[in-house]
Amino acid sequence: MLKRNREELQNNGSLEKARGGSRLLILKWQEKTLTLLYDADGRLVRADADGGGQAVLDHIFIGKVKQVANNIGAAFVEFAPDTMCFLPLRECRAPILTNRSYDGRILAGDEIVIQIVSEKQKAKEACASTSLSFPGKYLVLTTGRLQVGYSPRLPEPGKRRLKEYMAGNRDFARAGKDFGLIFRTNCRELTDLSILEKELAALRREADAVMEKAPHRTCFSLLKKAPAAYLKNLQDYYTSDYEKIMTDDADIYEEVRTWLTQYQPADLEKLVFYQDALLPLGRLYSVEARLTQALNRKVWLKSGGYLVIDRTEALTCIDVNSGKYTGKKSGEEAWFLINREAAREIGHQLLLRNISGIIIIDFISMRSEEKNGKLLDTLREVLAGDPMKATVVDMTPLGLVEVTRRKEKKSLWEQLNATDAVRTDK
Numbered sequence: 020m021l022k023r024n025r026e027e028l029q030n031n032g033s034l035e036k037a038r039g040g041s042r043l044l045i046l047k048w049q050e051k052t053l054t055l056l057y058d059a060d061g062r063l064v065r066a067d068a069d070g071g072g073q074a075v076l077d078h079i080f081i082g083k084v085k086q087v088a089n090n091i092g093a094a095f096v097e098f099a100p101d102t103m104c105f106l107p108l109r110e111c112r113a114p115i116l117t118n119r120s121y122d123g124r125i126l127a128g129d130e131i132v133i134q135i136v137s138e139k140q141k142a143k144e145a146c147a148s149t150s151l152s153f154p155g156k157y158l159v160l161t162t163g164r165l166q167v168g169y170s171p172r173l174p175e176p177g178k179r180r181l182k183e184y185m186a187g188n189r190d191f192a193r194a195g196k197d198f199g200l201i202f203r204t205n206c207r208e209l210t211d212l213s214i215l216e217k218e219l220a221a222l223r224r225e226a227d228a229v230m231e232k233a234p235h236r237t238c239f240s241l242l243k244k245a246p247a248a249y250l251k252n253l254q255d256y257y258t259s260d261y262e263k264i265m266t267d268d269a270d271i272y273e274e275v276r277t278w279l280t281q282y283q284p285a286d287l288e289k290l291v292f293y294q295d296a297l298l299p300l301g302r303l304y305s306v307e308a309r310l311t312q313a314l315n316r317k318v319w320l321k322s323g324g325y326l327v328i329d330r331t332e333a334l335t336c337i338d339v340n341s342g343k344y345t346g347k348k349s350g351e352e353a354w355f356l357i358n359r360e361a362a363r364e365i366g367h368q369l370l371l372r373n374i375s376g377i378i379i380i381d382f383i384s385m386r387s388e389e390k391n392g393k394l395l396d397t398l399r400e401v402l403a404g405d406p407m408k409a410t411v412v413d414m415t416p417l418g419l420v421e422v423t424r425r426k427e428k429k430s431l432w433e434q435l436n437a438t439d440a441v442r443t444d445k
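The working numbering puts the first residue of the sequence shown at 20, with every later residue one more than the last.
Honestly, I wouldn't trust all of these hints.
Each computed DSBU-like pair below joins lysine-lysine, with the alpha-carbon atoms no more than 35 Å apart [as the list claims (entries may be wrong)]:
| id | residue 1 | residue 2 |
| --- | --- | --- |
| 1 | LYS289 | LYS321 |
| 2 | LYS51 | LYS426 |
| 3 | LYS196 | LYS408 |
| 4 | LYS217 | LYS47 |
| 5 | LYS51 | LYS182 |
| 6 | LYS408 | LYS232 |
| 7 | LYS408 | LYS289 |
| 8 | LYS426 | LYS263 |
| 9 | LYS263 | LYS289 |
| 10 | LYS47 | LYS289 |
| 11 | LYS289 | LYS343 |
| 12 | LYS143 | LYS51 |
| 13 | LYS182 | LYS243 |
| 14 | LYS263 | LYS321 |
| 15 | LYS47 | LYS393 |
| 16 | LYS143 | LYS428 |
| 17 | LYS217 | LYS251 |
| 18 | LYS251 | LYS232 |
| 19 | LYS393 | LYS178 |
| 20 | LYS426 | LYS217 |
| 21 | LYS426 | LYS196 |
| 22 | LYS196 | LYS243 |
| 23 | LYS47 | LYS317 |
| 24 | LYS83 | LYS426 |
| 25 | LYS51 | LYS83 |
| 26 | LYS243 | LYS390 |
| 27 | LYS343 | LYS317 |
| 28 | LYS244 | LYS51 |
| 29 | LYS263 | LYS244 |
| 30 | LYS408 | LYS143 |
| 31 | LYS85 | LYS251 |
| 32 | LYS428 | LYS196 |
| 33 | LYS217 | LYS139 |
| 34 | LYS244 | LYS289 |
| 35 | LYS426 | LYS317 |
| 36 | LYS408 | LYS393 |
| 37 | LYS178 | LYS428 |
Treat the hints as calculated values from the structure; they're not laboratory data.
Given only the sequences and the hints, what does the whole structure look like? Please build it.
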């Protein structure tokens with residue numbers, strides 16, 4: 020009887036998985052909360068691990084300037100006891116000082132409102148800005164940067180539609196004057212633009228609350244705490260990327276349901292509470308195996324070629340190899356086929372592993388300038404879809420391709436490696 024029940028539950032889980040469609044999974048795993056995005060083919064395309072407690076990305080603090088280093092154009096700010104961050108002086112646009120009036124200078128001893136814009140990574144301190152950002156699903160309200168901007172991934176017709184909407188709506192009349200505004204890529208999914216009015220009103224209330232509190236709070240005060248990482252992922256991920264939001268944790272389910280009700284009511288119907296004691300969600304979607312695979316040093320390609328991904332303190336190196344290629348093409352035609360497949364897989368790996376900073380790619384050498392040009396075009400096309408800004412810099416005389424990708428969060432390896440939760444290839 021027990022065996023039959025177990026098989027029935029496993030069949031139910033398999034049925035749920037077999038129904039297909041893209042999935043956004045949020046689940047507890049080895050003292051972390053994972054956010055995992057699977058595409059319609061069941062491929063893991065994005066992964067984030069939140070260990071709780073120590074994350075400070077997007078938090079807004081009152082910090083104390085400990086030192087101003089004009090020679091490097093930066094200040095070092097203590098935003099919590101014995102915890103420092105790096106503040107580029109170029110980021111000090113109309114800063115809010117709580118101990119004196121701003122006179123165009125940042126001085127040691129100043130108490131200043133800052134927002135953490137990138138986490139501490141390896142030996143580098145967290146980076147901060149005095150231009151505060153208040154992100155929503157479709158808009159980002161900013162202080163300091165009093166401009167109206169549009170995501171470069173918004174199509175031109177979409178931008179024109181938004182500009183026309185702004186021009187005819189009095190709620191947006193102060194944008195670019197009293198506050199800055201950025202229209203996010205998610206706006207491309209909107210059919211009813213009236214939702215932007217509600218979001219703008221909510222963001223202005225958030226910003227006003229911070230501005231009102233700041234003069235009355237002491238140094239090291241946390242003025243605004245960013246939402247949990249998995250809620251921020253709900254805000255940042257494109258709604259069209261997932262058909263269901265699934266969790267098997269009751270507390271997470273309630274928190275996500277509350278969040279969606281307030282900020283993304285249209286997505287409430289996507290939320291699913293998965294219940295199966297014998298076949299947990301993590302096992303159904305092979306989470307441990309997928310994460311282990313996501314951190315492997317070697318990544319195989321369908322053609323038989325493979326990538327080798329190596330992390331160093333300063334940069335990431337990716338080597339492309341022909342491996343077990345047995346296709347019909349030969350010579351440069353074969354190398355071109357493998358290189359183009361590798362370029363597409365590299366785009367996937369950068370997003371999945373959240374590899375950022377300087378990336379050096381050693382493709383298989385080709386003498387044809389035309390083929391090298393097409394290869395770089397393929398890589399640019401792939402990276403254009405990355406939600407994090409990624410740029411193909413150039414191909415060096417040695418044939419190495421230089422790529423940069425904006426740093427914000429820690430890499431997946433750093434997020435998971437703190438507790439040695441996942442095995443990695445040596």
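Hints, verified against the model:
1. For the hint pairing LYS289 with LYS321, the CA-to-CA distance comes to about 33 Å; that is within 35 Å, so the pair holds.
2. Distance hint between LYS51 and LYS426 is fulfilled; the C-alpha atoms sit about 22 Å from each other, no more than 35 Å.
3. Taken as a hint, the LYS196 and LYS408 pair is honoured in the structure, with Cα atoms around 27 Å apart against an allowance of 35 Å.
4. With a C-alpha separation of about 32 Å, the suggested pair LYS217 and LYS47 falls inside the 35 Å cut-off, and the hint holds.
5. Restraint check for LYS51 and LYS182: not satisfied, since their Cα atoms lie roughly 42 Å apart, outside the 35 Å limit.
6. A threshold of 35 Å between alpha carbons decides the hint, and for LYS408 with LYS232 the separation of about 33 Å falls inside it, so the pair holds.
7. Our distance criterion of 35 Å between C-alpha atoms is met by LYS408 and LYS289, whose separation comes to about 29 Å.
8. Taking the CA atoms of LYS426 and LYS263, the gap is near 29 Å; set against the 35 Å cutoff, the hint holds.
9. Between LYS263 and LYS289, the direct Cα distance comes to roughly 5 Å. Compliance with the 35 Å bound is thereby established for this hinted pair.
10. Proposed proximity of LYS47 and LYS289 is supported: the alpha carbons are some 20 Å apart, at most 35 Å.
11. Under the criterion of a C-alpha separation no larger than 35 Å, the hint pairing LYS289 with LYS343 is inconsistent with the structure, at around 42 Å.
12. Between LYS143 and LYS51 the alpha-carbon distance is near 23 Å, which keeps this suggested pair within the 35 Å criterion.
13. Proposed proximity of LYS182 and LYS243 is supported: the alpha carbons are some 30 Å apart, at most 35 Å.
14. With a C-alpha separation of about 29 Å, the suggested pair LYS263 and LYS321 falls inside the 35 Å cut-off, and the hint holds.
15. A distance of roughly 43 Å separates the Cα atoms of LYS47 and LYS393; the hinted pair therefore is violated under the 35 Å criterion.
16. A C-alpha spacing of about 13 Å is found between LYS143 and LYS428, which places the hinted pair at or below 35 Å, so the restraint holds.
17. A C-alpha spacing of about 19 Å is found between LYS217 and LYS251, which places the hinted pair at or below 35 Å, so the restraint holds.
18. This hinted pair checks out: LYS251 and LYS232 have alpha carbons roughly 23 Å apart, not beyond 35 Å.
19. Between LYS393 and LYS178 the CA atoms are separated by roughly 29 Å; this keeps the pair inside 35 Å, and the hint holds.
20. Pair hint LYS426 plus LYS217 holds up; C-alpha atoms about 31 Å apart against a cutoff of 35 Å.
21. Between the alpha carbons of LYS426 and LYS196 the distance comes to roughly 29 Å, so the proposed pair stays at or under 35 Å and holds.
22. This hinted pair checks out: LYS196 and LYS243 have alpha carbons roughly 23 Å apart, not beyond 35 Å.
23. Distance hint between LYS47 and LYS317 is fulfilled; the C-alpha atoms sit about 27 Å from each other, no more than 35 Å.
24. Distance restraint check for LYS83 and LYS426: the Cα-Cα separation of roughly 24 Å lies within the 35 Å cut-off, and the hinted pair is therefore satisfied.
25. Taking the CA atoms of LYS51 and LYS83, the gap is about 32 Å. The hint holds against a cut of 35 Å.
26. Between LYS243 and LYS390 the CA atoms are separated by roughly 51 Å; this puts the pair beyond 35 Å, and the hint is violated.
27. Pair hint LYS343 plus LYS317 holds up; C-alpha atoms about 13 Å apart against a cutoff of 35 Å.
28. With a C-alpha separation of about 19 Å, the suggested pair LYS244 and LYS51 falls inside the 35 Å cut-off, and the hint holds.
29. For a cut-off of 35 Å, the pair hint linking LYS263 to LYS244 stands: about 27 Å separates their Cα positions.
30. Straight-line distance between C-alpha atoms of LYS408 and LYS143 comes to about 20 Å, which keeps the hinted pair within the 35 Å bound.
31. Distance check on the hinted pair: LYS85 and LYS251 sit about 31 Å apart at the alpha-carbon level, within 35 Å; holds.
32. Simply put, LYS428 and LYS196 have alpha-carbon atoms about 31 Å apart, close enough for the 35 Å limit, and the pair holds.
33. For the hint pairing LYS217 with LYS139, the CA-to-CA distance comes to about 34 Å; that is within 35 Å, so the pair holds.
34. As the CA atoms of LYS244 and LYS289 are separated by approximately 27 Å, the hinted pair is consistent with the 35 Å bound.
35. For a cut-off of 35 Å, the pair hint linking LYS426 to LYS317 stands: about 23 Å separates their Cα positions.
36. Among the hinted pairs, LYS408 with LYS393 is consistent with the structure: their alpha-carbon atoms are about 21 Å apart, no more than 35 Å.
37. Annotation: proposed proximity of LYS178 to LYS428 holds, straight-line Cα distance about 28 Å (limit 35 Å).
Of the numbered hints stated above, those contradicted by the structure are hints 5, 11, 15 and 26, listed in ascending order.
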